[in-house]
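Trainee: So the protein lines, in turn, are chains A and B.
Residues in the first sequence are numbered from 1 upward in steps of one, following UniProt numbering.
Residues in the second sequence are numbered from 1 upward in steps of one, following UniProt numbering.
Think of the hints as simulated: they come from the structure by calculation, not from any bench.
Remember, predicted model here, so these are calculated numbers, not experimental data.
Glycine residues also receive a C-beta, built at the ideal position from the N, C-alpha and C atoms.
A hint or two may mislead.
Straight-line distance between alpha carbons at most 27 Å, and here's what the computed DSSO-like set of lysine-lysine pairs gives [what the hints assert, rightly or not]:
no., chain 1, residue 1, chain 2, residue 2
1, B, LYS286, A, LYS286
2, B, LYS268, A, LYS268
3, B, LYS116, B, LYS96
Footprint (simulated), chain B over chain A, 3 or more residues, beta carbon under 8 Å [what the hints assert, rightly or not]:
no., stretch
4, 150–158
5, 201–207
Protein chains: 2
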Amino acid sequence: MVKIAIAGAGAMGGRVGMQIAEAGYDVTLIDYWTEHITNIQQHGLNIQTEKDTYHINIKAQLPEQIDEQYDLIIILTKAMDSEAMIEALNEANAIKETTAVLTMMNGLGHEERFAKIIPKSQIFLAVTMWTAGLRGPGQILLEGTGTIELQRADGGEDYRTEAINTIFNNAKLNSTISDNVFESIWSKATLNSVLNPLCTILDKTINQFSLYEQARQMVIPIIEEIVAVAHARGLELNFENLINKIEAAYPIESQGLHYPSMHQDLYKGRLTEIDYLNGQIVTYGKACGVATPHNEMLTHMIHQLELTYKK
Amino acid sequence: MVKIAIAGAGAMGGRVGMQIAEAGYDVTLIDYWTEHITNIQQHGLNIQTEKDTYHINIKAQLPEQIDEQYDLIIILTKAMDSEAMIEALNEANAIKETTAVLTMMNGLGHEERFAKIIPKSQIFLAVTMWTAGLRGPGQILLEGTGTIELQRADGGEDYRTEAINTIFNNAKLNSTISDNVFESIWSKATLNSVLNPLCTILDKTINQFSLYEQARQMVIPIIEEIVAVAHARGLELNFENLINKIEAAYPIESQGLHYPSMHQDLYKGRLTEIDYLNGQIVTYGKACGVATPHNEMLTHMIHQLELTYKK
Numbered sequence: 001m002v003k004i005a006i007a008g009a010g011a012m013g014g015r016v017g018m019q020i021a022e023a024g025y026d027v028t029l030i031d032y033w034t035e036h037i038t039n040i041q042q043h044g045l046n047i048q049t050e051k052d053t054y055h056i057n058i059k060a061q062l063p064e065q066i067d068e069q070y071d072l073i074i075i076l077t078k079a080m081d082s083e084a085m086i087e088a089l090n091e092a093n094a095i096k097e098t099t100a101v102l103t104m105m106n107g108l109g110h111e112e113r114f115a116k117i118i119p120k121s122q123i124f125l126a127v128t129m130w131t132a133g134l135r136g137p138g139q140i141l142l143e144g145t146g147t148i149e150l151q152r153a154d155g156g157e158d159y160r161t162e163a164i165n166t167i168f169n170n171a172k173l174n175s176t177i178s179d180n181v182f183e184s185i186w187s188k189a190t191l192n193s194v195l196n197p198l199c200t201i202l203d204k205t206i207n208q209f210s211l212y213e214q215a216r217q218m219v220i221p222i223i224e225e226i227v228a229v230a231h232a233r234g235l236e237l238n239f240e241n242l243i244n245k246i247e248a249a250y251p252i253e254s255q256g257l258h259y260p261s262m263h264q265d266l267y268k269g270r271l272t273e274i275d276y277l278n279g280q281i282v283t284y285g286k287a288c289g290v291a292t293p294h295n296e297m298l299t300h301m302i303h304q305l306e307l308t309y310k311k
Numbered sequence: 001m002v003k004i005a006i007a008g009a010g011a012m013g014g015r016v017g018m019q020i021a022e023a024g025y026d027v028t029l030i031d032y033w034t035e036h037i038t039n040i041q042q043h044g045l046n047i048q049t050e051k052d053t054y055h056i057n058i059k060a061q062l063p064e065q066i067d068e069q070y071d072l073i074i075i076l077t078k079a080m081d082s083e084a085m086i087e088a089l090n091e092a093n094a095i096k097e098t099t100a101v102l103t104m105m106n107g108l109g110h111e112e113r114f115a116k117i118i119p120k121s122q123i124f125l126a127v128t129m130w131t132a133g134l135r136g137p138g139q140i141l142l143e144g145t146g147t148i149e150l151q152r153a154d155g156g157e158d159y160r161t162e163a164i165n166t167i168f169n170n171a172k173l174n175s176t177i178s179d180n181v182f183e184s185i186w187s188k189a190t191l192n193s194v195l196n197p198l199c200t201i202l203d204k205t206i207n208q209f210s211l212y213e214q215a216r217q218m219v220i221p222i223i224e225e226i227v228a229v230a231h232a233r234g235l236e237l238n239f240e241n242l243i244n245k246i247e248a249a250y251p252i253e254s255q256g257l258h259y260p261s262m263h264q265d266l267y268k269g270r271l272t273e274i275d276y277l278n279g280q281i282v283t284y285g286k287a288c289g290v291a292t293p294h295n296e297m298l299t300h301m302i303h304q305l306e307l308t309y310k311k
């Protein structure tokens, strides 16, 4: 039976892990948060849905407790913790030559960072529209539905691609195999690179941000830079689709009442994922000679605010 | 005897007006703030210095009470109120053909806006390093020293330039006649266009802003845009001087502990002067084909925050 690890078992990791476990697979949740892992070990994972609350038993470990090898490792840590997690998995000998290491994290450039540690042919990329919440240690909240798209990072395909897709679909995660997962990853990253830093810096909900009459003028040049950087890297993004997707988030009936996750990270004193969004755009832009002043300014501002709020 | 009006009699207007009045000139303070004017009319202007507190009697009027013609009108309103003030003076027939209308306000482009109302040969520009505080209606606080530089807006000179300079020096305001007042105005506006919006958006003192290790990387492109716009308009600014002046404000012994005035304006729910600083740079940049993404982003962000804090 395939052995699956969820490395980074917060809200999303918990959700993906429990759905796969409920489909009958052998799943281990791995996380650095001791209280969370201890809680799951002692009481099981507490699941809250719109209808009811229940517990499921699921294996949970701290990185130093890893004692198995996995066929599939799904990385769902915060972006800045992912390399340390892969190092920990590597040191624990949890990664075999055939292991598929799949990142489903937000942001750009993960495959390049991972490729410094494991061969690129073992790296798979996924982008998801699922969301989840964390109510406290050992407690996750499930709302709404979503989809997953996945592809091997080098663009190739092997038996594992199909196998992972089957696992996800057995777990009711609505997965498809993509032939251009980068387009989806960059589209999601564009949305996050626009709304996350702007709403965080301005301390506004998505809808409040949109009420400024020149909101579109603020958004356009940020997207244009991302499209230009992507183009220089051989990836064609559709500007109109991107701005439409962003503006579709504005209404109160859509995501308007929410602060983006970066807002929560910042004001709770955590580091944000800015370096994996706008900061990565700036890095890519420098490498290929594309100017990214807007993304650079946003990156600096968030780093400035991290200094204010860090604990 | 020359008749002098101070149009906009807040902290700076109050200070300049009282110093000129104390030198023996006929000075009228004009302001839109009823409580302030009434207080000065009833009790005189209350002056607080580092050493003592005293009152001086000085004529004070609301714009609708104007009943004289002036030889010199010094505009020290908030930038956005200045045109309304000149219209009010014009309607009250307070401006003669020989009247010198001198702006000592922060920001750029005042002479162009004024020139729509009065001939450019009547417009004088001054830049000052004096500061002042307002303790409440009718109460001003005098600290520190400063200088004034002045020039006729069209670059020409006439008997009035020398006369105004003499008045200022009699009033111990350390004035000199400049042959390039625009350089000084733009230098001060650059300092304000960098530190005002950044410290306001980030809610940081000048020193706190400077503690970010990439503060210089944030500042450089904003200055570069201003230098490029000035150059396109035929004005040469020295980049090194500008950044040195900005960084000289960082230490706690310098201006480090202060929030720029825009910070106070914003969080008290007032409109800021952003459109006369970064916003004017953007407008000029568009007119002469110079890209100003950083200044544009800062302008938008401050306008976004004005929506949050406006009363």
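Trainee: Hint by hint, note whether the structure agrees.
Mentor: Evaluation of the provided hints:
no. : hint                : verdict
1   : B/LYS286 / A/LYS286 : holds (26 Å)
2   : B/LYS268 / A/LYS268 : holds (26 Å)
3   : B/LYS116 / B/LYS96  : holds (16 Å)
4   : 150–158             : violated (count 0)
5   : 201–207             : holds (count 4)
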